[in-house]
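**Student:** Same order as they appear, the protein sequences are chains A, B and C. Each residue of the first sequence is one higher than the last, beginning at 0 in numbering that gives the first Met the number 0. Each residue of the second sequence is one higher than the last, beginning at 0 in numbering that gives the first Met the number 0. Each residue of the third sequence is one higher than the last, beginning at 0 in numbering that gives the first Met the number 0.
There could be a bad hint or two in this list.
[Claimed, not checked] Part of the chain B face toward chain A, derived, beta carbon under 10 Å: (1) Gly46; (2) Ile50; (3) Pro51; (4) Ile52.
[Said to hold, decoys possible] The following residues of chain A were derived to be distant from chain B, with all beta-carbon distances above 12 Å: (5) Asn72; (6) Glu90; (7) Arg95; (8) Val108; (9) Ala114; (10) Ser126.
Read the hints as simulated data drawn from the structure, not as lab findings. These numbers were taken from a predicted model, which means no experiment stands behind them. Using N, Cα and C, we set each Cβ at its ideal position, and we do this for glycine too.
Given next are the chains, with one letter for each unit.
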Amino acid sequence: MQYSNELKVGAALILSVIIFFVGFRFFQDLPLFQGSYMLNATFEEASGLGEGNPVEMKGVSVGTVESVRLDQNDQVVRVQMRINENIRVPEGSTVRVTGFSGVTGVRLVIKPGPADNPPVTAGATLSPPPQGTVLERLSDQAPALASKADSVLNSTNTTMQALSDQLSNPDSDVRTTLQAFRRTMEDVESITEAEKETIRQFLSNLEAVSGDLREFTGTRGDSLSLAVDRLNRSLTRLDRSLASFERSTATLDTLTTKLNEGEGTMGRLINDPSLYNRADSVAARTNRLLLDFQENPSRYLEDMTLVKVF
Amino acid sequence: MSSLLEFLFSPLRALGRYSILMARAAASLDEIRTYWSNLFDQMVRIGIDSIPIVSLAGAFSGAVLTVQTSYQLESPFIPRSIIGSIVVPSMMLELSVVVMGFILAGRVGARIAAELGTMRVSEQIDALEVMGLNSVGFLVLPRVLAGVLMFPVLYVASCAIGIGGGVAVGHFGGFITAGEFMDGARQFFKPFDPFFGLIKAVTFGFIVTSIACYKGYYTTSGAEGVGDSTTEAAVLSCVFILVADLILAVTLL
Amino acid sequence: MIRIEHLSKGFGSLEVLNDISFEVRDGETLAIIGRSGSGKSVLMKHMVGLLKPDAGHVHVDGRDLCCAEYGELRELRKRFGVLFQGGALFDSMDTFDNIAFPLEYFSDLTSSEVEARVEECLSLVNLEGVGAKKPSELSGGMRKRVALARAIALEPQYILYDEPTSGLDPETSNTIDQLISHLSDELNVTSVVVTHDMHSVLTSADRVAFLHDTNLHWIGPVDALHDRPDPVLDAFVRASEYHLGDPSASVPLTQDS
Ligand SMILES: Nc1ncnc2c1ncn2[C@@H]1O[C@H](COP(=O)(O)OP(=O)(O)OP(=O)(O)O)[C@@H](O)[C@H]1O
Ligand SMILES: [Mg+2]
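Construct the entire structure; sequences and hints are all you get.
**Tutor:** Structure follows, in structure tokens:
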């Protein structure tokens, strides 16, 4: 009797201690039975990243954020992450912070480098992806472009000749090509129009959602309203910029495709001043937009109609 | 006038008597070896025997919380894993431990108060005393210690089974898959949460058992007195669980 | 020796005992008699420090109970065996465990010796073979006798009996009276017997204390009762005698009339 009482109590105590710590490690997302290693990263901005946030690689969770520390000396954020042992991160991988805290949660995303690179060693520091505008990025690749341009110019010479031949021929397909291109541009614009409707729907849906969310503010008010607040900010920003963003990228896309198609098209483009102007202004606009994004996020906050709901 | 003073002072007097009883219990800690078997006996009665009911309550509160959360958050624009990140901390911080506290205020608190009350009115406590035993060390201390030690165990059981119940109902009820649930739970997991739950469990364990011992130990006037003590022990335990819950939340969160 | 000095006790506005002084001498058996509600049980509880006097002192072997530390009080209490009016058996334990309980806590006996001692105590109160029963399965008189067995199990120096024979048939009452005398004579136990049973008083007591109207109305040797020392006491004793209806008990008292 005595003995069995002590046995029962002892068993219950041990069992609950085990359950507690296994559960604890489980929710902390530490691998239960496998090892892990540490990687470091340095950011200008943590964007709400915190301990325990997941680390993903190609959308798969591969570890957790171990610590986030503000380095006062260098004014940067130093982040430590714990990566599951069986995950190989190739050299040349980059890491960035994504996600809005609140709804989807902030997380670190590792963009793996070339698969045949050797894996980084434990304790290595991953760098953020190269930052900057489209044009800055282009200038990063200037040497490569220069050599390409060289060969392009070479072939342009030949093309010019062929071009003048072509242009003198009234049956040439240059005109048709240009018309098709214009039509594409119009399509892109109408798509953006349609997109606006979707965005409006999206926002009105969101308003309904926020009603639901309000019921939770009693218990988890702070974190939820903060989350919705941030969501709002992001969505307003998105709303404003999505249209022009899409237009810009679509145009850019088309342009690059055309550029990549070959010297012939390149020649045609060069001969069409309106297209050139268009490309120029698109690039400039994208540039401005991205700069604005980085420098004045507050401008995108002005129209926070949804926040008034709270 | 004097009855009004009496009315005003009686809570203070009660608090004083309660504190003295607890101090006597603490003072008899060095004799606990003498009452070792009592301690294990009480740990089984208060702890092990309560596991089924506490598990049941935990499972149902976890399940209901999951269903209601998914009902309230039904929207294509909120990832469903959010359900997990609401249910799990709610269970850890509040629901499992408070529901458990209420149930045990009835199950454990009332039992202790009735047991000690009956021992008091049938002079069994006096009989212990005249044998030269320390009745507080013999009766009160093992019960309070057992409460403080076993409530955390019950909390772990209630919480684990509650979260399990939530996952199960979410998964098989088609609200949220187990994977999404756990992803959400891990996303917003704060390491302090389960420890806060443990702190609450210890506090509630002390509240329920000590109030019940106080009420039972100082029972007067027969069967009616035992009835009063039992009711008051259960009611007061619930009230003080709520008060302590608020105080802990304000000071520790 | 238990010495009580100027003891007064009340509950709220009710005064139960007023300025009571007497002593219980070593080795004697003192009977305390008095009306129901006159404070006999209250007085008895003062002797083991279960109640604290409002005024006055209780000395046990020269130690004042009111001023003793709790640890010392517990040591003093170990010299006592107390039979409560209601028995006060632990109803979570069976009869055997009830009697073995003080032995397990306060004696160095092995478990087989404990078993032997429990059987011995049970046979002393005519209750062989009820060891496995719970108190709730016993009759009122049986419970009282089990409680008596528990009180004497440790062979204490002092035994306080609160109505040891109430609720018992005359034959069993006689056995209990003989047991009290036996313990007192053979083992030199000092006894205090609270009782209504004049037969008990006459067979086992050396001295009698009569509580009346909150006071210790009369105290003296049991033989002095024959001399009808006090009209109130006389009325009380006679009432008991008629109530008893036992002609043999009335013989010595009615001799003179
Ligand atoms: N704990 C208590 N609280 C209040 N009053 C009490 C208490 N104990 C005893 N009394 C009162 O003290 C008086 C004496 O009680 P006590 O039990 O000593 O009587 P008694 O002489 O033993 O009577 P009986 O022969 O019926 O047992 C009674 O009037 C009773 O109401
Ligand atoms: Mg009495």
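**Student:** State for each hint whether it applies.
**Tutor:** Here is how each hint holds up against the structure:
Contact between glycine 46 of chain B and chain A, as hinted, is supported at the beta carbon level, the nearest pair being about 6 Å apart and thus within 10 Å. At a threshold of 10 Å, the smallest CB-CB gap from isoleucine 50 of chain B to chain A is about 7 Å, leaving the interface hint in force. This hint is violated: proline 51 of chain B has a C-beta 13 Å from the nearest C-beta of chain A, more than the 10 Å allowed. Annotation: interface hint on isoleucine 52 of chain B violated; nearest CB of chain A at approximately 15 Å, more than 10 Å.
No Cβ of chain B approaches the Cβ of asparagine 72 of chain A within 12 Å, the least distance being about 28 Å, so the stated non-interface status holds. No Cβ of chain B comes within 12 Å of the Cβ of glutamate 90 of chain A; the nearest lies about 29 Å off, and the non-interface call holds. Every Cβ of chain B is farther than 12 Å from the Cβ of arginine 95 of chain A; the closest lies at roughly 18 Å, confirming the non-interface assignment. Distance check on valine 108 of chain A: its Cβ is at least 14 Å (rounded) from any Cβ of chain B, clearing the 12 Å threshold; non-interface status holds.
A cut-off of 12 Å between C-beta atoms confirms that alanine 114 of chain A is not in contact with chain B; the least separation is 26 Å. For serine 126 of chain A, the condition that its CB be more than 12 Å from all CB atoms of chain B holds, with the nearest at approximately 26 Å.
Consistency note: the structure conflicts with the earlier hints numbered 3, 4.
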